[in-house]
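**Student:** Heads up, the sequence shown stops at 192 in the working numbering, and the numbers go up one at a time, no gaps.
Some clues are possibly wrong.
[Said to hold, decoys possible] Derived lysine-lysine pairs resembling DSSO-like cross-links, with alpha carbons at most 27 Å apart:
1. LYS139 - LYS86
2. LYS177 - LYS148
3. LYS68 - LYS86
4. LYS148 - LYS109
5. LYS11 - LYS68
6. LYS109 - LYS11
7. LYS36 - LYS177
8. LYS68 - LYS164
9. LYS11 - LYS148
The set of hints was computed from the structure by calculation and includes no laboratory data.
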Amino acid sequence: MIEIPSDLHKDLVPLAFLLGNWAGAGVHDFPGAEKCNFGQEVTFSHDGRDFLEYQSHTWVLDQDGNKVRPLESEHGFWRIDANRKVEVTMTRDDGVIEIWYGEMADQKPQIDLVTDAVARTAASQPYTGGKRLYGYVKSDLMWVGEKQTPEVELRPYMSAHLKKVVTPEDVERWAKALPDDMPDDGIAFFK
């Protein structure tokens with residue numbers, strides 16, 4: 002279920018499906034880097050202004066699904082205009098700063114992005130750009146990222162399947178929204 006907070010900036014309503022805390026796992030595979038499964042936590046939040054704040058942390062998982070070490074961290078800001086054009090500014094822990102542009106699909110919660118500008122510090126690995134696809138599928142957030150370097154053509158390198166994290170505050174809010182005339186046994190509610 003997609004909830005639209007009452008204090009969400011009106012321009013961000015098409016991006017409301019991203020809001021919240023997400024967690025899940027995915028696969029990382031790129032030439033010259035370790036192929037691995039990873040865990041991920043993502044947060045999309047807002048403060049009433051015309052952007053969503055984005056934070057992502059990933060870590061390498063061992064064969065049993067335990068955290069081994071950090072993999073990547075990102076922080077950014079997402080905007081959308083009246084024509085459903087999406088703009089993302091993003092900073093990564095490896096010394097890369099990106100500007101992404103794309104658009105939201107018509108009639109479905111899906112966003113295609115491509116890098117428009119890339120800046121790198123001297124310590125960062127070679128990187129020239131990428132693509133990302135985000136989609137809200139059956140209440141889950143899924144994404145795939147493509148990457149290119151001077152040596153490697155654009156190719157998929159990370160993808161993940163994330164589930165919405167339910168907080169005690171969510172449960173309390175939902176409980177308060179239940180109708181007052183709920184049957185005591187709850188069974189009649191489902192008939």
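**Student:** Would you mind marking each hint as holding or not holding in the structure?
**Tutor:** Against the structure, the hints:
no.: 1; hint: LYS139 - LYS86; verdict: 24 Å, holds
no.: 2; hint: LYS177 - LYS148; verdict: 45 Å, violated
no.: 3; hint: LYS68 - LYS86; verdict: 36 Å, violated
no.: 4; hint: LYS148 - LYS109; verdict: 25 Å, holds
no.: 5; hint: LYS11 - LYS68; verdict: 39 Å, violated
no.: 6; hint: LYS109 - LYS11; verdict: 18 Å, holds
no.: 7; hint: LYS36 - LYS177; verdict: 46 Å, violated
no.: 8; hint: LYS68 - LYS164; verdict: 18 Å, holds
no.: 9; hint: LYS11 - LYS148; verdict: 33 Å, violated
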